[in-house]
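In case you want the letters, here they are:
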Amino acid sequence: MKYLYYPGCSLHSTGKAYEESVLAVFKALEIPLEELEDWNCCGATSYFSIDETEAFALAARNLELAENQSGNGHANLIAPCAACYLVLTKTQHYLTSYPDIKQKVNDALDTVGLHYEGKTNVRHPLDVLVNDYGLDKITKRVKKPLKGLRVACYYGCQVVRPFKVFDDSLYPTSMDRLAKALGAETIEWPLKTRCCGGSLTGTIQEAGLRLSRALLIDAQRRKADIMITCCPLCQHNLECYQDRINRKLGDHIHIPVAYFTQLMGIALGLSEKELGIHRLFNRPRFAVTAPKKGEPVHA
Amino acid sequence: MPDVKLNGSIRIGFYICHCGHNIASTVDVDAVAQYVATLPGVIVSRDYKYMCSDPGQEMIQTDIKEQNLNRIVVASCSPLLHEHTFRTATEKGGLNPYYFQMVNIRENVSWVHTDKSAATTKAKDLARAAILRVFHHRSLEPKRVPVNPDAMVVGGGIAGIHAALTLANAGKKVYLVEREPTIGGHMAMFDKTFPTLDCAACILTPKMSQVKNHPNITLWTYSEVTNVEGYVGNYSVTVKRKPRYIIEDLCVGCLECIEKCIYKEGKYPDEFNVGLSKRKPVYIPFPQATPQLVVIDPDTCIEFKSGKCKKTCVEACDRDAIDFKQEERFEEVKVGTIILTTGFQTFDARRVPYYGYGKYPNVYTSLEVERLVNASGPTGGDVILRDGRRPTSIAIIHCVGSRDKNTNRWCSRTCCMYSLKLAHLLKEHTEAEVYNFYIDMRTPGKSYEEFYDKLLDENVRFIRGRVAEVTDWADRPSEEGKLVIRVEDTMVGVVRRIPVDMVVLAVGMEPQSDAQAVRKLFNISCSTEGFFLERHPKLAPVDTFTDGIYIAGACQGPKDIPDTVAQAGAAAAQALTLIDSGEIELEPNTAFVVQDACSGCRTCLTICPYSAISRDDAKQKAYINEALCKGCGTCVAACPSGAIKQNLFEDEMIFSEIDGILNTGPAGTNGGVACSPK
Amino acid sequence: MTTPMVEQVKSSTNHRTTKKAIVRRIKYEEELDHSFGEEIASFAYGEKLFSCIQCGTCSATCPLSHYMDYTPRKVIAMTRAGFKEEILNSLTIWLCASCYSCLVQCPQQIHITDVMYALKREAIASGYYPRRLPIPVLAKAFFNQVRKNGRNTESWLLVNLYLRTNPFKMFKEAVLGMKLLFHGRMSLMPDRIKRRNELTTILNAVKAREGAVRS
Amino acid sequence: MQSEVNHPVPVNDWEPKIVAFFCNWCTYTAADLAGVSRLKHAPNARIIRVMCSGRVDPQFILDAFAKGADGVLIGGCHPGDCHYMEGNFKALRRMRLLGTMLRSMGIESDRFRLEWISASEGERVRTVINDMVGKIRMLGPLGLPRRFEEWDKEMEALEEQVHGKEEAVNA
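Going line by line, the protein sequences match chains U, L, E and Z. Its first residue numbered 0, the first sequence is counted upward by one per residue in numbering that gives the first Met the number 0. Its first residue numbered 0, the second sequence is counted upward by one per residue in numbering that gives the first Met the number 0. Its first residue numbered 0, the third sequence is counted upward by one per residue in numbering that gives the first Met the number 0. Its first residue numbered 0, the fourth sequence is counted upward by one per residue in numbering that gives the first Met the number 0.
No lab work stands behind these hints, which were simulated from the structure alone. Think of the CB as a built atom: it goes at the ideal place given N, C-alpha and C, for glycine as much as any other residue. Fair warning: there could be bad hints in the mix.
As the list claims (entries may be wrong) - Quick list of in silico lysine-lysine cross-link-like pairs, DSS-like style, CA-CA up to 25 Å:
#1 Lys222/U - Lys358/L
#2 Lys163/U - Lys48/L
#3 Lys163/U - Lys277/L
#4 Lys272/U - Lys178/E
#5 Lys426/L - Lys404/L
#6 Lys101/U - Lys147/E
#7 Lys179/U - Lys358/L
#8 Lys163/U - Lys47/E
#9 Lys206/E - Lys101/U
#10 Lys259/L - Lys277/L
#11 Lys47/E - Lys101/U
#12 Lys39/Z - Lys47/E
#13 Lys152/Z - Lys115/L
#14 Lys39/Z - Lys537/L
#15 Lys115/L - Lys39/Z
#16 Lys168/E - Lys247/U
#17 Lys134/Z - Lys101/U
#18 Lys48/L - Lys134/Z
#19 Lys481/L - Lys222/U
#20 Lys178/E - Lys247/U
Claimed, not checked - Residues of chain L placed beyond 10 Å of chain E at every Cβ, according to the derived structure:
#21 Thr113
#22 Val332
#23 Asp347
#24 Phe461
To be verified - Not everything, but these chain E residues come out facing chain L in the computed CB check (under 8 Å):
#25 Ile52
#26 Thr60
#27 Thr70
#28 Gln107
Could you put together the complete structure from these sequences and hints?
In structure tokens form, the structure reads like this:
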């Protein structure tokens, strides 16, 4: 199956490490990725606050480009950024269930000779890795099982809500299953899908910080060595503001926050460099050792 | 096509009903009456406010006599509602009731349309259809069949128990079939009952033993209905008797075998205590179980698993009642009526993960708490949590799996009241702080609101708001080690976090998981939620669309004990009416073969689902056994030579209805005869 | 009614300091906008707005409700009832972080997040929102940048934001900015798509059409 | 809430006429339920009650079309729910056959419909009828009787010609 890759704006700046690790992991697993040519911003949440139809049109252009670029029309468009993933999925969903919206959007696309059939399938790398590629195959590829590493899997909001595309909205498990497949252990916690503050950390910081804080403290309280995310904004919020939270609210938070693909890369034996680990503010020290002879890889 | 010559002998009376404003407000009844007066054969055409009223019916009767009418057409509500009424009126007037035809202009017209002219046109079309139809009506004699006086009740909860006793006390023989090893159902598991707080066991167990000892009741527990055949008054039911591995007539319920089982302690989750305690492979559900017979569970008994058990139970039984070789038996019985009281199941709280049931040990379902506070329960009535602590603060969450489009959208009607009851009992047992989280407090019932008042005075805390989540996420030290409730106190308009030790989920009532299968078995319908469908929501609440089969209790919809018992009584009364009438009049809509026309081609033989059609090979003709025919008319439609006719639904009748509707009859504009296939 | 300034956001529950004033509160029918509910509900799935049973699940699942002047439940009630002024001036709609928790748990399956979007749009269109509140400003800045370049460059987006709302804040953020820059997690190179005019044409087409519809 | 389809007044105020055969136990009851629940819908369907969809003779349908129906709707119990065990299957088999026949006669498939509607599906009665009326409105009148008349005329004309010829010959 051919996969198209939609980086989205964040993966070109704050989420650089996410892009690097996604590409590295897919390469290591020999899953071909092809970047969507001349993709544009998905519109994120802000755009919907100004003009709904324009927002749909903006996102639809990407879906249309994908349709063209993948010869057979049935495109699998991978969007690692949670916001992009949701906006594209949402657009796809509304365009199919509301013919009049689709009509409006297509009328707009027609002006530049584009037309969207509605065949693009928006996917999240987590979905692709766990469900298309498969955990068994991943386990087989693990070179450095993450023995004894306690991971807090943080899904955030927009990958699992509001659409139940590949996991439960209220209590998702795919990232946990993935981490276990890499030999790590995961913590049971109720906050795995609670909002990290999103863009509020940039606007109404007080509010934003407190949301991130709740997650970080609870993860630490449950003795997690590291938190992994599948969203650049979550990663940014949870990692970059730890000092500020400690300063402002007198906490003692110190927990590495990485992308799930980075953790995966480590287990697959990729170098920290190619996974962009060096870009993290507090670098996780992975106490990983190559398995002794005869010892099963998956602990 | 009615032969216009007939007009001389056909004298039709047409009556259109206003039904107050129900019809008259949307259909111009006057115009319809005037129009119908112009149709062939119509002698009388009147409109009246309420045709179903006595004056209305008398009008018909007098007209029949004075105008010597020989056909009656009434345009009013649905025939399913009043056909019988008007047939009787016709008969009282001295006519054969089957000369009557009904036109549905309420359910099918006035109630579903707004455009008055369109509605009036439609009413005219339908009336015309009926007028043309009655030309072909013939005098018929209803088929009468005797009603078997024996009855069957399926389901041994409080509904089944009450229905069975009512019938039995009226001197009828009753078979009570229960799938569990004991009767009693959910009520037997409850501790106290609202609003009077009398103990469930105290009022239920006497009735249970009455059932056991009643000479007219045959009690079959651990049994299931597997097949139902026949028709109203004459059903034949097959019942599977599952093996108990105990010879019922020998066992006296001394429980020695349980005592001596090689398992010293219980090892498997106890169904009756909803898994809060453990039982042995040989067990009795609860002390007052009826009948007092032990059961051996083959899935857990060592003898069944390995065949290498010391069989200490067998040694223990001095009456040799234990029989590992026992096999399931099938009994076939004939009954005239059947009452279904198969009850409900509680909502599985795991379906709403945000309440943490199954994840946090101290989250309980209401049913579990009923056992927990029960003196004969797993803890002897002591409220000790799964983690061994005693709660100092308890949250009761209403509407779990009710009023939620993501799970069950209906209100379960009982949860508010039983939550109040549990609040009272838990406070009594623990002196803990008790919170009730509700969306709307629904206490509609005799002295229910008073009970709510009482609770308010017992300073139970009431917070109006649907709880969003139960977590062990401590936001501050005071919440450490607690279950934290997150809810908006909608009366204050503020979101609150409330730490508690114990959470009780007031789970809703839903249809039994096998309701659909049961429904098919007894040939009745289910409403959209999956509960059994009553014949009429108001006027026939315990009847079904299959004559002789009645429903009562929570299988028809969520219900508390008083309503259930009332409905069970009603169902029994309906059954008695049928039984005591001795015989039942069947709609004479059976099919018959016009011998001369039959070519003996055998097409019909294979089609009849009741094998009511046989072939006289000597005469080379098909023949229909009227007693077996149920009147579906499938054979009529299939007969290539048109030799089979169905009473009340003859081809001519339906063709003339089509004529009438499309206005191509003799009254029609284009003479109609144009292109009739016949 | 006055909009609380953003700087006032406090987590303390101490109310002793706040000045008490006697205010006459009563709502006359003619002060309400009775078509407001329908207007807002006109987006896809919006009609469900009217089936709200006021259970408060949305407020309780909402991670931000404790900062809102009206809880989401109240917003629904007031929107239905036509409290246009109050709602469009409220902070609540801007605090919604689009986490969709309310939507997935709502027993009536009301698309609350989308209601909030609709309210935001209405507020911006009719210029109601609190002026120095960064969120709508951010939204607009984002909107313009994307309309111009087809992509957004976070660095410039933020600079832009702080200039418009609270320039002083920029210095506070500078440290973090440098750190990001240093870790190669922020670029000052504005990101653009190639066929910018293609995109503009599309978006203008939408505008034109909607303009046509409105007039 | 879906409301009564409000039809634009069509040319020469033609209104689709639909003849509906509903089985007594499921669909007719559902129609009653629709009534009791006041579910407004298009007033174009005329219901004929039969005990079972299995009773519906293909001739009824042909007759209805021949006499000017623009559409025919048959309603029965869901598969497995038939009050008479399998009457609805019999109906299904027949109507499949008839359907292909009608299409070959140039009667569009939207004009002829077999629907399973259980006693509890009042809402479905409304949607099915509205939907069918909408589709037939698109198709326009079927008007078989008129066509028949035209054909008759043509036949007469033909005969006359033939006669004419004969006379000519005789003369």
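To see whether the hints hold, each was checked on the structure:
no.: 1; hint: Lys222/U - Lys358/L; in the structure: holds (19 Å)
no.: 2; hint: Lys163/U - Lys48/L; in the structure: violated (56 Å)
no.: 3; hint: Lys163/U - Lys277/L; in the structure: violated (38 Å)
no.: 4; hint: Lys272/U - Lys178/E; in the structure: holds (18 Å)
no.: 5; hint: Lys426/L - Lys404/L; in the structure: violated (32 Å)
no.: 6; hint: Lys101/U - Lys147/E; in the structure: holds (24 Å)
no.: 7; hint: Lys179/U - Lys358/L; in the structure: holds (19 Å)
no.: 8; hint: Lys163/U - Lys47/E; in the structure: holds (20 Å)
no.: 9; hint: Lys206/E - Lys101/U; in the structure: holds (15 Å)
no.: 10; hint: Lys259/L - Lys277/L; in the structure: holds (16 Å)
no.: 11; hint: Lys47/E - Lys101/U; in the structure: holds (21 Å)
no.: 12; hint: Lys39/Z - Lys47/E; in the structure: holds (20 Å)
no.: 13; hint: Lys152/Z - Lys115/L; in the structure: violated (39 Å)
no.: 14; hint: Lys39/Z - Lys537/L; in the structure: holds (22 Å)
no.: 15; hint: Lys115/L - Lys39/Z; in the structure: holds (13 Å)
no.: 16; hint: Lys168/E - Lys247/U; in the structure: holds (16 Å)
no.: 17; hint: Lys134/Z - Lys101/U; in the structure: holds (22 Å)
no.: 18; hint: Lys48/L - Lys134/Z; in the structure: violated (38 Å)
no.: 19; hint: Lys481/L - Lys222/U; in the structure: holds (18 Å)
no.: 20; hint: Lys178/E - Lys247/U; in the structure: holds (19 Å)
no.: 21; hint: Thr113; in the structure: holds (21 Å)
no.: 22; hint: Val332; in the structure: holds (46 Å)
no.: 23; hint: Asp347; in the structure: holds (17 Å)
no.: 24; hint: Phe461; in the structure: holds (14 Å)
no.: 25; hint: Ile52; in the structure: holds (6 Å)
no.: 26; hint: Thr60; in the structure: holds (4 Å)
no.: 27; hint: Thr70; in the structure: holds (6 Å)
no.: 28; hint: Gln107; in the structure: holds (6 Å)
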